[in-house]
Amino acid sequence: EPEVTQTPSHQVTQMGQEVILRCVPISNHLYFYWYRQILGQKVEFLVSFYNNEISEKSEIFDDQFSVERPDGSNFTLKIRSTKLEDSAMYFCASSHPEEGGNTEAFFGQGTRLTVV
Amino acid sequence: QKEVEQNSGPLSVPEGAIASLNCTYSDRVSQSFFWYRQYSGKSPELIMSIYSNGDKEDGRFTAQLNKASQYVSLLIRDSQPSDSATYLCAVKGYNQGGKLIFGQGTELSVKP
Numbered sequence: 001e002p003e004v005t006q007t008p009s010h011q012v013t014q015m016g017q018e019v020i021l022r023c024v025p026i027s028n029h030l031y032f033y034w035y036r037q038i039l040g041q042k043v044e045f046l047v048s049f050y051n052n053e054i055s056e057k058s059e060i061f062d063d064q065f066s067v068e069r070p071d072g073s074n075f076t077l078k079i080r081s082t083k084l085e086d087s088a089m090y091f092c093a094s095s096h097p098e099e100g101g102n103t104e105a106f107f108g109q110g111t112r113l114t115v116v
Numbered sequence: 001q002k003e004v005e006q007n008s009g010p011l012s013v014p015e016g017a018i019a020s021l022n023c024t025y026s027d028r029v030s031q032s033f034f035w036y037r038q039y040s041g042k043s044p045e046l047i048m049s050i051y052s053n054g055d056k057e058d059g060r061f062t063a064q065l066n067k068a069s070q071y072v073s074l075l076i077r078d079s080q081p082s083d084s085a086t087y088l089c090a091v092k093g094y095n096q097g098g099k100l101i102f103g104q105g106t107e108l109s110v111k112p
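Going line by line, the protein sequences match chains A and B. Once you know that position 58 of the first sequence is 58 in this note's numbering, the rest is easy, because the numbers rise by one and skip nothing. Once you know that position 110 of the second sequence is 110 in this note's numbering, the rest is easy, because the numbers rise by one and skip nothing.
Certain hints may be false.
Said to hold, decoys possible - The calculated lysine-lysine pairs, modelled on PhoX-like cross-linking and capped at a C-alpha distance of 20 Å, are:
#, chain 1, residue 1, chain 2, residue 2
1, B, Lys2, A, Lys57
2, A, Lys42, B, Lys2
3, A, Lys57, A, Lys78
4, B, Lys56, B, Lys2
5, B, Lys42, B, Lys56
6, A, Lys57, A, Lys42
7, B, Lys42, A, Lys42
Calculated from the structure, these hints are not laboratory results.
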């Protein structure tokens with residue numbers, strides 16, 4: 001069964017360092033997303049990406065965040081200068097429009113980012 | 001502020017019982033509704049989607065949607081210990097590729 005894959009599963013970085021989280025969405029999906037979940041809190045939307053551009057972003061997704069689809073398969077989230085409060089699980093998701101316009105989003109296994 | 005509200009629980013039911021999970025949402029233009037299951041430390045796993053008022057059944061799971069009351073529920077029949085997890089309600093607007101807004105999740109514990 002097709003699945004969203006994310007690497008690495010766990011990333012430890014020092015405050016102020018840049019990190020790149022990688023995702024391979026399901027191959028025929030058209031919409032790509034990043035979400036994050038701080039420990040014990042709800043899943044929060046960061047950004048959505050369609051047709052090689054950002055379609056929507058949240059207040060969390062400030063200038064230190066960027067996304068890129070560098071080739072036909074990878075979708076990356078870059079955090080330029082990490083802060084302690086960026087420590088969270090980061091989930092990539094993808095979806096494909098179904099008949100009637102409905103879409104179901106499927107999540108990768110997540111990358112646990114720890115900023116020290 | 002668009003909100004999705006769930007009782008955080010924990011909800012404890014005996015094995016074989018029906019577990020009932022509830023969710024309310026604030027944005028009346030919401031079009032799509034989803035239930036995800038999340039085991040501790042794992043990612044959300046889609047278990048049900050519902051788009052129209054009424055009931056939708058899939059195996060032991062039944063999702064119920066009432067748009068007038070802005071209410072979504074999930075029933076799990078014949079609950080099993082393996083159903084013990086946090087259940088996340090998620091809501092999406094009218095955009096096909098629109099974002100999901102999640103509730104805080106309800107922790108379900110099924111006791112053998």
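Hint by hint, which ones does this structure get wrong, listed from lowest number up? 4 and 5
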